[in-house]
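Residue numbering for the sequence shown follows full-length UniProt numbering, beginning at 1 and increasing consecutively.
Think of the hints as simulated: they come from the structure by calculation, not from any bench.
Warning: the hint list may mix true and false statements.
Claimed, not checked - In silico DSS-like cross-links for lysine-lysine, where the CA-CA straight-line distance does not exceed 27 Å: (1) LYS119 x LYS140; (2) LYS130 x LYS119; (3) LYS130 x LYS140.
Stated by the list, open to error - Quick list of simulated restraints, FRET-style, between CB atoms: (4) SER152 x SER78: 37 to 47 Å; (5) SER67 x ASN10: 17 to 27 Å; (6) GLY136 x SER78: 16 to 26 Å.
Note that the structure is predicted; figures quoted are calculated from it, not measured.
Just so you know, even glycine gets a beta-carbon here, dropped at the ideal spot from N, CA and C.
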Amino acid sequence: PPVSLNLSPNRLQFFSGDSVSLSCVEGGQTVDGTVRRTRGGTTDRCGPAGSDFGLFQDSSCVLDLLSSYTGLYWCETSSGRSDRVQISVFHREEFPFILEIPAHPVTAGSDVTLRCRNKDGSLRAAYFLKNNAATGDGLKVQELSIRAVQRSDEGLYSCSTDVSEPSPQSWLRVREPTGTSAPPSTTSGTSPPPDVPSLPTHPASSVLAPAALGLVVVLVLVLVLVGLLQLCKKPTGLKVYS
């Protein structure tokens, strides 16, 4: 989409009481627009004091988050509508820490860093999990750095310690660089992979012609042999009786 929703700080998980600023961006520039949210089947908008939620300040929607603010957020301008972003807000008593993970898809080939953040805002050393399995070196660290991220790095990530439950999970998404097309399918290429031998591409008629010729030759030989056998069975002379 030509419009995107910018989050500052750029993450998906927050504690109740945290603040986040949402703004509409086009071509790398902040523009005027409407920030909307849907939750529980209800859609509302950010606006001046007394509106549905948040407060607009200098083209940004500033939110002092409550747990009830969990929902899908997006931006609308005259150019269109942005993708929706799932913002999750947790009680500080519910989870001792949350996962810092980018709100938007990360471009393939770039670096991304995930962190485990305490409810007091500090970072904590933790194990990082992908799809509920340990990832990285399997050591307790303050941050997980993924270099030259690829599509295979996509998945549900969380962080955990020895003495507490894991953080909530969030999805890390990866997108191809702008202007990059998807890799071609191996079934539609003109050349097979190097470990697969090439097959002849002659038309079917050129394969059938030699086979038909061979069949004719065999039939001729059979007829000749049958004729010779018949000749061998004939009597060599005739006896005349008077």
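TODO: Would you check the hint for LYS130 and LYS140, treating anything up to 27 Å between C-alpha atoms as holding?
DONE: 14 Å, holds
Task: Range hint 37 to 47 Å (beta carbons of SER152 and SER78) holds or violated - done: Given about 38 Å between the Cβ atoms, the range holds.
Open item on the list: Verify the CB-CB distance for SER67 and ASN10 against the hinted window 17 to 27 Å.
Closed with: Holds: the Cβ-Cβ distance is about 21 Å, inside 17 to 27 Å.
- [ ] Measure nothing beyond the straight line between the CA atoms of LYS130 and LYS119; if it is 27 Å or shorter, mark the hint as holding.
- [x] Roughly 22 Å separates the two Cα atoms, so the pair holds.
Task: 27 Å Cα cutoff - pair LYS119, LYS140 - done: 19 Å, holds
Open item on the list: Tell me if the beta carbons of GLY136 and SER78 are separated by a distance inside 16 to 26 Å.
Closed with: 44 Å, violated
Checked against the numbered hints above, the structure breaks only hint 6 and satisfies the rest.
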